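K.L.:
Letter by letter, the chains look like this.
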Amino acid sequence: MKTLYVEGDTFLHRLSPRTKLVGLAALSLFLFLIHSPTVLSVSATLGGIVYASLRLGWHQSWLRLRPILLTIAIVALFTLVLNGWHDALIVITRLTALALFAAAVTATTSTGDFIDEITRLAMPLERLGLVRAADIGLSIGLVIRFVPEILGRYQAIRDAHRARGLKVRPLTLTVPLIILTLKNADEIAAAIDARGVRAQK
Amino acid sequence: MTTRDLVLAALFAAIIVALGLVPPIMLGFIPVPITAQSLGVMLAGVILGAKRGGFAVLLVLLLVAIGLPVLSGGRGGLATFASPTAGYLVGWFFAAVVTGYCSERFVDRSQSGIVQITGFFLAALLGGVVVDHALGIFYLAYVTGTGLSTAFIGDLSFVPGDVLKAMIAALAGRAVMVGYPLLPQRA
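Protein chains in written order, with the numbering used here: chain C, 1 to 201; chain A, 202 to 388.
Note that these hints are calculated values from the structure, not bench results.
Errors might be hidden in some of the hints.
Unchecked claim - Derived lysine to aspartate or glutamate pairs resembling DMTMM-like cross-links, with alpha carbons at most 20 Å apart: (1) Lys-252(A) to Asp-186(C); (2) Lys-183(C) to Glu-149(C); (3) Lys-252(A) to Glu-117(C); (4) Lys-252(A) to Asp-309(A); (5) Lys-252(A) to Glu-126(C); (6) Lys-2(C) to Glu-126(C); (7) Lys-252(A) to Asp-206(A); (8) Lys-183(C) to Asp-193(C); (9) Lys-2(C) to Glu-149(C); (10) Lys-2(C) to Asp-113(C); (11) Lys-183(C) to Asp-206(A); (12) Lys-252(A) to Glu-305(A).
From a predicted model like this one, the values you see are computed outputs, not experimental measurements.
Build out the structure end to end from the sequences listed, making use of the hints.
P.N.:
Laid out in structure tokens, this is it:
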């Protein structure tokens, strides 16, 4: 799986993941409290400048931002029809600003840095006995490890359908896929325990 | 959580991610492609129950947040949570928990097949349609300022598809329970 992180050495890359996440949270709070189209437009422009400073190139940027910008455009269009241009302008500038800053944080923070930060954030929860912080990294690793395997199984089930001249239906696809996948759980759990990855305290 | 529970949740999260990568499945009787990811969320609750199902969906949302393009169409990253439709995405977690909790309450191994399917269907309907759509509508109405009723009307066009998914989740949930029972039995 290819992450949305882009290697580089810009100012945003050098900031700590925590600073970026806290900054993004504070910014989103600020953007939702502000109702002035002027301030919001300035924020969106700033977001554009920050995003452009990552130098991803027009094509790459468009590919990354297309889905969310399309959604924002559709919602803004509906707002325009229903509530008039003033509200539509607020919606489009506020959401675009937020999307650009969030995409900039995603592009400049590696998956490993994120996992480390989440593990550190989960430490207080561990002290309360709710979760084990180290489990988060382990689970994320497991998911990434098994997605290709499940896709392989999906292809095998699809081929089995074709070999028998059957159409792929949601039921005949999901049920074998889920049972085949979950049946591995015992073996994987035994392998994890045998290696003492989650040492019992 | 035992290691086995952790692995089950992680494997299901991987299934939800994989369902976003496969081409949309066509239903036999109506020409509408089903994007299988929200079906996966209902299935997580129906098959794994509230705790493990909720954790599985939380893992998917975590993967989105840390910048992996795991949602259908290769979407991902923090910007996804800035979208006006983010309420539906965050609602997935609550959908899985509610579906799982109801499944644990409604469905028992001793019941007949049709009762089990009905129980799973109601659970998936409550979690995957009522809870998820309610959160989606609230957030959409809040972000756009168009009012709840407008957001509700816009939402209605997605309800039939999700009711259908709840039906598929119920049938698949019952089939998996017969083949490989996982749902904890409650007294």
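K.L.:
Does each hint fit the structure? Answer for all of them.
P.N.:
Taking the hints in turn, this is what the structure says about them:
no.	hint	in the structure
1	Lys-252(A) to Asp-186(C)	holds, 18 Å
2	Lys-183(C) to Glu-149(C)	holds, 13 Å
3	Lys-252(A) to Glu-117(C)	violated, 24 Å
4	Lys-252(A) to Asp-309(A)	holds, 18 Å
5	Lys-252(A) to Glu-126(C)	holds, 17 Å
6	Lys-2(C) to Glu-126(C)	violated, 31 Å
7	Lys-252(A) to Asp-206(A)	holds, 9 Å
8	Lys-183(C) to Asp-193(C)	holds, 17 Å
9	Lys-2(C) to Glu-149(C)	holds, 16 Å
10	Lys-2(C) to Asp-113(C)	holds, 16 Å
11	Lys-183(C) to Asp-206(A)	holds, 12 Å
12	Lys-252(A) to Glu-305(A)	holds, 11 Å
Hint check: violations occur at hints 3 and 6; the rest are consistent with the structure.
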